Amino acid sequence: MGAVSNASPLIFLNKIGQVQLPRKLFRGPFLISSHVRFEILEAIEDGEEKKSLQAELTHWKVKEIKPDLPKHESPGSPADWSVFKLARQSRPDVVLADDRFLRRILSAAQFPVLGTLGILTLATRRKIISAKEARASAELLVEKHRFWIDASVYSRFLRSLK
Amino acid sequence: MKAVKTSVFSARVNAKDSKAVEDLARIEGEDKSAILRKLMRLGIEAYRREAAVRAYSQGKASLNRASQLMGTTLWEFLAELGKQGVKLNYGLEEFEGDLKTVERFAR
Chain L
1 MGAVSNASPL IFLNKIGQVQ LPRKLFRGPF LISSHVRFEI LEAIEDGEEK KSLQAELTHW
61 KVKEIKPDLP KHESPGSPAD WSVFKLARQS RPDVVLADDR FLRRILSAAQ FPVLGTLGIL
121 TLATRRKIIS AKEARASAEL LVEKHRFWID ASVYSRFLRS LK
Chain E
1 MKAVKTSVFS ARVNAKDSKA VEDLARIEGE DKSAILRKLM RLGIEAYRRE AAVRAYSQGK
61 ASLNRASQLM GTTLWEFLAE LGKQGVKLNY GLEEFEGDLK TVERFAR
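Those protein sequence lines, which keep their order, are chains L and E. Heads up: the first sequence runs through residues 1 to 162, numbered per this note's numbering. Heads up: the second sequence runs through residues 1 to 107, numbered per this note's numbering.
These are computed hints drawn from the structure, not numbers from a lab. Hints are supplied without guarantee of correctness; some may be wrong.
Partial list, derived from the structure: chain L residues whose beta carbon lies under 8 Å from chain E [stated by the list, open to error]:
| hint | residue |
| --- | --- |
| 1 | Ser8 |
| 2 | Lys24 |
| 3 | Ile44 |
| 4 | Gly47 |
| 5 | His72 |
| 6 | Ala79 |
| 7 | Val94 |
| 8 | Asp98 |
| 9 | Leu117 |
| 10 | Thr121 |
| 11 | Leu122 |
| 12 | Phe147 |
| 13 | Trp148 |
| 14 | Ile149 |
| 15 | Ser152 |
| 16 | Leu161 |
Values in this document were obtained by computation on a predicted structure and should not be read as measured data. Yeah, the Cβ is synthetic: ideal placement off N, Cα and C, and Gly gets one too.
Next comes chain L alone, as it looks inside the complex (with noise of 0.2 Å):
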């Protein structure tokens, strides 16, 4: 049940100003491992970014997750085990992961996966944001936050949004 999260759906989405989508889509728990909430906090600057992802935290569980590493080389760090375990442990509805290797993972273990612009679609198909808010995020995500993705995808999810 719930949602586990990793670092850079909830840092995206805070940009844009729609860090409580999630919440807003999915039933709790909302989960984090703790290696998660420190990479999310670790070194970001005093201000607003800093003040509304505090904020939004206090609505996720922390959980201290002891990541099992592989022995051989991996593309996955400490912190991306940490999501995959937590996911294993809590069998969550759906798991927040934009990268392309913790969300391969993920699948093959076949747990539904969201990414950031997944999530912005999802709200407008639930019509909790108007497609044009959507777009509006994207853009701004794109433009402001330097979101760089192939035009394919980002023609993809303005498509989507009709």
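Fit chain E to the supplied structure of chain L, relying on the hints for placement.
Okay, now just chain E, sitting in the frame of chain L:
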């Protein structure tokens, strides 16, 4: 004063680089070891940055892992990717995967 732990290793350099180190040592009024340490620090930082971005764009490292390779935070690494115009490892395959999940939760 706190003692700094150091280690010794040797490496061969070509005559041109050796001359450059000697020149810098003379100009700066420092010994060659001190100059080499400074050059290494500068080089390591730049090389780590380059290697981390390369590893990420080739899919050899996740975002988190690449930020560790660069010796920095996830925030700084994301900023570095943005600065260099490197695309996120989130392509059509990932978005199509998202759409499947969207269908599952749309109702």
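For each hint, the structure was consulted:
no. : hint   : in the structure
1   : Ser8   : holds (6 Å)
2   : Lys24  : violated (12 Å)
3   : Ile44  : holds (6 Å)
4   : Gly47  : violated (12 Å)
5   : His72  : violated (13 Å)
6   : Ala79  : holds (5 Å)
7   : Val94  : holds (7 Å)
8   : Asp98  : holds (5 Å)
9   : Leu117 : holds (6 Å)
10  : Thr121 : holds (5 Å)
11  : Leu122 : holds (5 Å)
12  : Phe147 : holds (7 Å)
13  : Trp148 : holds (5 Å)
14  : Ile149 : holds (6 Å)
15  : Ser152 : holds (6 Å)
16  : Leu161 : violated (11 Å)
Checked against the numbered hints given earlier, this structure breaks hints 2, 4, 5, 16; the rest are met.
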